[in-house]
Structure formats: C-alpha cells, structure tokens
Amino acid sequence: MSRQPSLTQSMSGLHTWTGLVLGWLLFAIFLTGTLAVFDRELNWWMQPELQDRQVDQASAVQVAQRWLEANHPAASAWNIGLPTARDPSLSVSAGEQRRGQRTLIDAESGEQITPRETAGGSFFFRFHYTLHMPRFLGIWVVGFAAMAMLVAIISGIIIHKKIFKDFFTFRPGKGQRSWLDGHNASAVLLLPFHLMITYTGLVIFFLIYMPAATDALYNGDRDALLRELRPGAQQQQGAARGGEGGRPSREVPAASAAMLPLEQFIALGEAHYGAGMLSSLSVAQPGRVNARVEVRPLLGSRLELTKGEALAFNAITGELLRAPPPTRTSLLVQKVMAGLHFAQFGGYPMRWLYFLCGLVSSAMIASGLVLYTVKRRRQSAAQGVWLRQVEWLNLACVGGLMLACVALLWANRLLPADLAEREGWELRVFFGAWLAALLHARLRAPLRGWLEQLAASAVLLLGLPLLDLQTALAVPDRIRLGVDLTGFGLGALLALAAWKVSKRPAATARAARRAPAVMAEVQS
Numbered sequence: 018m019s020r021q022p023s024l025t026q027s028m029s030g031l032h033t034w035t036g037l038v039l040g041w042l043l044f045a046i047f048l049t050g051t052l053a054v055f056d057r058e059l060n061w062w063m064q065p066e067l068q069d070r071q072v073d074q075a076s077a078v079q080v081a082q083r084w085l086e087a088n089h090p091a092a093s094a095w096n097i098g099l100p101t102a103r104d105p106s107l108s109v110s111a112g113e114q115r116r117g118q119r120t121l122i123d124a125e126s127g128e129q130i131t132p133r134e135t136a137g138g139s140f141f142f143r144f145h146y147t148l149h150m151p152r153f154l155g156i157w158v159v160g161f162a163a164m165a166m167l168v169a170i171i172s173g174i175i176i177h178k179k180i181f182k183d184f185f186t187f188r189p190g191k192g193q194r195s196w197l198d199g200h201n202a203s204a205v206l207l208l209p210f211h212l213m214i215t216y217t218g219l220v221i222f223f224l225i226y227m228p229a230a231t232d233a234l235y236n237g238d239r240d241a242l243l244r245e246l247r248p249g250a251q252q253q254q255g256a257a258r259g260g261e262g263g264r265p266s267r268e269v270p271a272a273s274a275a276m277l278p279l280e281q282f283i284a285l286g287e288a289h290y291g292a293g294m295l296s297s298l299s300v301a302q303p304g305r306v307n308a309r310v311e312v313r314p315l316l317g318s319r320l321e322l323t324k325g326e327a328l329a330f331n332a333i334t335g336e337l338l339r340a341p342p343p344t345r346t347s348l349l350v351q352k353v354m355a356g357l358h359f360a361q362f363g364g365y366p367m368r369w370l371y372f373l374c375g376l377v378s379s380a381m382i383a384s385g386l387v388l389y390t391v392k393r394r395r396q397s398a399a400q401g402v403w404l405r406q407v408e409w410l411n412l413a414c415v416g417g418l419m420l421a422c423v424a425l426l427w428a429n430r431l432l433p434a435d436l437a438e439r440e441g442w443e444l445r446v447f448f449g450a451w452l453a454a455l456l457h458a459r460l461r462a463p464l465r466g467w468l469e470q471l472a473a474s475a476v477l478l479l480g481l482p483l484l485d486l487q488t489a490l491a492v493p494d495r496i497r498l499g500v501d502l503t504g505f506g507l508g509a510l511l512a513l514a515a516w517k518v519s520k521r522p523a524a525t526a527r528a529a530r531r532a533p534a535v536m537a538e539v540q541s
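Sequential numbering of the sequence shown, starting at 18, is according to the working numbering.
To be clear, the hints were calculated from the coordinates, so they are not data collected in a lab. All clues stand as given, with none of them false.
Label pairs and their calculated CB-CB ranges:
1. Gln-71 <-> Pro-366: 16 to 22 Å
2. Trp-403 <-> Leu-502: 40 to 46 Å
3. Glu-440 <-> Leu-513: 29 to 35 Å
4. Glu-128 <-> Ile-171: 53 to 59 Å
5. Pro-343 <-> Asp-435: 46 to 52 Å
6. Glu-128 <-> Ala-91: 18 to 24 Å
Cβ atoms here follow ideal geometry from the backbone N, Cα and C, with glycine treated the same way.
All chains, please: the whole structure from these sequences, using the hints.
In structure tokens, the structure reads:
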C-alpha cells in the first residue's frame with residue numbers, strides 16, 4: 018500500500034504545476050504591467066512631435082480658453098486636458114467630442130499639433146489586463162491567472178520551511194543552485210508586494226468576478242448599485258464626464274454672460290486638491306448665465322482612486338456649487354485597493370518602487386519556469402518530447418515577449434509618421450516579432466536560443482537612446498531622456514544575462530558533478 022504524500026509534497030506539486038501551466042501568462046501580465054507603470058511617459062516618448070514647454074496649468078488654461086473661444090464659441094461644452102508632470106501635453110475638445118477626438122495644441126503659442134498615431138504605452142496597460150483579447154474575455158482569463166498566482170504564492174509559503182533563511186541565501190555561479198536561490202530570495206523579498214498586487218488586481222473587477230450580490234439585490238443593474246454607493250452621482254453624470262471625453266450635460270441655451278477667467282478655477286481647484294494635483298477642466302454652457310466649470314483631480318492626488326470625482330463652480334461668480342460627497346466605506350475600501358494597484362499615489366518615487374518590484378517579480382516567474390526545465394533535464398538522461406515543448410515555450414514567452422516590446426518602440430520611430438492606420442502597423446510589428454521569436458525558439462537549441470534572443474533585445478535597448486537622437490524632432494526632454502536611460506539600463510542587464518548564458522556550456526560539466534546535492538535540496 019503506497020503512502021499518502023505529505024502536505025509539503027502535495028503543495029510542492031501544486032506550486033510546480035500551477036506555476037508552469039500559468040507561468041507563461043503570468044509573465045506576460047507582470048511584464049506588461051511593469052511597463053504600464055510608466056504608460057504616460059511611454060505615450061509621450063512615442064509622439065516626438067510633442068514638446069514639453071514647462072508651462073504651468075494656469076497659463077496653459079489661458080491658451081486653451083483663447084483657442085476654444087476662437088474655434089468653438091457656440092459649443093455646448095469645453096473640455097481641457099491640463100499639462101501634468103507625467104504628460105505635459107495640452108488638449109482641448111468641444112461639445113460631445115470623445116477623448117480620442119481631442120485636439121492637441123501648443124501650450125505657449127496655441128497652435129494645433131498633429132502627432133503621429135501610435136499604440137503608445139497605453140497598449141501595455143490594456144494588454145496587462147486583457148491580453149489583447151476581447152475585453153470581457155481577457156479580464157476573465159487574467160482573473161483566472163491571478164487566482165492561480167495566489168495559489169502559487171500560498172503553496173510556495175507552505176513548502177518553504179526555511180523561508181527566512183531563503184531571504185538571506187544566494188550563491189552565485191553555482192548553476193541550478195543559483196537559479197533556485199534567486200527564485201527563492203526574490204519570492205520571499207517581495208512576498209508582501211506579490212500578495213498585494215495580485216489581490217488588488219482581482220478587487221478592481223469585483224463586480225465582474227462576483228456578480229451574485231448585484232444580481233440578487235439589484236437585478237443585475239450595476240448602475241443602480243453604483244448610484245447607491247456614490248451619493249449624488251446622478252448630478253455628476255453630465256459635465257463631470259466631459260473633461261475625460263464623455264458626454265456633457267445638455268441644457269437649454271440661456272442668455273449670454275461674461276465668465277470669470279478659467280485660470281481662477283485652477284487656483285480654486287488646487288486649494289481643495291493641492292498644487293499640481295489637477296488633471297482637467299470642463300465648462301458646460303460656456304459664455305451663458307448658467308455656465309458651470311468642473312475641475313477634476315489627478316488619479317494620484319491621494320491613495321484612493323479619484324476617478325470620476327470633480328468640483329463644480331458657477332462660471333460667472335466662482336461660487337462652489339458641488340463638492341465630492343463623502344464616499345461610503347464599502348466603496349472607499351475598493352477605491353483604496355484600486356489605488357494601491359495602480360500606484361497613482363506617491364509620485365515618481367512610488368512609481369519607481371513599483372517598477373523595480375515588477376521587474377524582480379517578472380524575473381522570479383521566469384526563473385521558476387527555467388528551473389522546471391533544468392530540474393527535469395537532470396532527472397532524465399534523455400530529453401522527452403514534453404520537456405522540449407516546455408523549453409521552447411519558455412523562450413518564446415519570456416525572451417520573445419521582451420523582444421516584441423522593444424520592437425514596438427523601434428517600430429514607432431522607424432515607420433513613416435504619416436502612414437495610414439499607423440497604430441495597427443505598430444501592433445503588427447509587435448505580434449510579428451513575437452511570432453518570429455516563437456519560430457526561432459522552436460528551431461534553435463534552448464541555450465543558443467536564449468543567447469540570441471537576449472542579445473537581440475539587449476542590442477535594441479542599448480540602441481534606444483541613439484534611435485531617439487536620430488529620429489527626435491527636437492532636443493529630448495526630461496521624460497524622453499528618462500525612457501532612453503531606463504531602456505539603456507535594461508539593455509545592459511540583458512547583455513549581462515546574455516553573457517552569462519554564453520558562459521553556460523563551460524559550467525555545465527561542473528554543475529553536473531554537483532547535481533545529486535542540488536537535486537536533494539530542490540526536492541526538500
């Protein structure tokens with residue numbers, strides 16, 4: 018009679034297979050989520066026609082008001098996207114124009130700017146939670162992967178009996194032992210981050226993943242639920258959406274009247290939210306006696322997500338008409354969870370912390386995938402069909418995705434700026450590069466494939482600053498220089514990884530002699 022496996026052995030199997038089967042998806046989710054931390058900065062880099070004039074919001078709104086008065090004096094609404102530290106562009110729209118129809122203007126001269134079409138850094142953000150699938154399907158697939166990530170984390174905690182020792186243990190240059198140490202140390206070091214980012218990602222879409230309460234109490238009417246959670250939301254539905262490209266409220270035109278200069282409402286908004294914490298401003302019925310101005314904060318004005326929040330003022334007198342109502346505790350908890358996930362608070366220091374944690378998390382997942390193949394290869398003298406499939410899928414999903422992300426940046430600068438359907442062509446380059454990496458991984462030996470794909474990504478990233486200097490339309494500003502230097506730094510890391518892989522054959526014989534001791538540790 019066979020003995021039942023212990024809890025640790027059962028959890029080890031669960032951790033291994035959960036991590037392997039969904040590890041490829043999780044790597045894509047974590048890597049693109051890490052890049053999405055700086056999605057606005059990537060948007061700016063990928064539209065070199067835009068220039069950072071370093072104009073304050075009060076001056077910018079004067080320029081926008083003059084442009085709107087000259088071009089849309091009779092519009093039912095004006096919407097102004099204010100320049101911020103992360104996105105120095107000034108955008109305007111009128112009437113019921115949506116966000117994608119906004120017009121970009123120079124924050125100094127007021128001249129219209131027509132930047133190139135691009136998928137931008139927003140592509141990484143959307144890919145992070147939809148995997149470029151239809152939105153609802155993608156959210157469910159990513160949600161399933163996130164739940165599997167929680168299973169892998171909890172099972173990993175159970176099987177690591179020496180969790181605190183793992184935190185302080187790393188033995189470089191030891192082959193498989195080094196991979197195991199790196200995987201364990203990164204997992205333990207970022208355990209709080211992994212739990213937080215995975216759980217909060219699920220909380221963001223709680224109404225999709227757990228619709229039972231909405232179905233039972235509101236007959237599936239999500240709007241009814243949100244109206245109850247957000248007191249006064251019905252009064253905000255009109256112009257509150259205008260600044261972000263939604264439909265402004267329709268009101269009967271009234272008599273003409275002179276409005277206060279819009280820059281005064283910047284000061285009123287900053288008095289409530291803080292200096293530099295405004296994202297947009299909208300005017301309903303501009304130039305009429307019933308004109309109303311709404312000022313919206315940046316998402317990062319505080320820990321809780323402030324999307325949809327606004328201050329409303331009488332545009333003629335400056336009187337405060339409506340302040341954001343208190344948030345119910347249940348909704349506040351969800352908004353704080355969403356704020357934690359999006360890292361919209363704490364400015365650039367917090368964003369860099371999330372970015373570095375995301376990179377280490379991606380490396381942890383990749384090392385786990387590689388560990389599986391290294392361990393199985395040494396257990397069996399002959400490589401089986403299954404092991405070969407896993408090896409090339411590891412390379413295609415890890416090395417191939419990194420190569421595709423860099424290829425997207427290069428395509429943005431090398432494709433003609435006036436190319437029709439340019440955004441679509443950028444995406445074709447992204448998925449085409451990924452497909453080419455998959456075919457390459459299938460045809461090449463694993464070690465040689467890793468070396469070539471890591472080297473290719475390293476060369477492209479190291480060349481990113483040169484590409485920017487050669488194709489930029491002006492001297493690179495602080496945001497574009499930041500993207501260039503970050504890309505160069507990541508390229509240096511990948512070049513180091515490629516160099517380590519090139520030295521691998523010489524270390525294989527030495528590692529084989531230590532295999533029995535390492536296997537005993539892996540299995541313990």
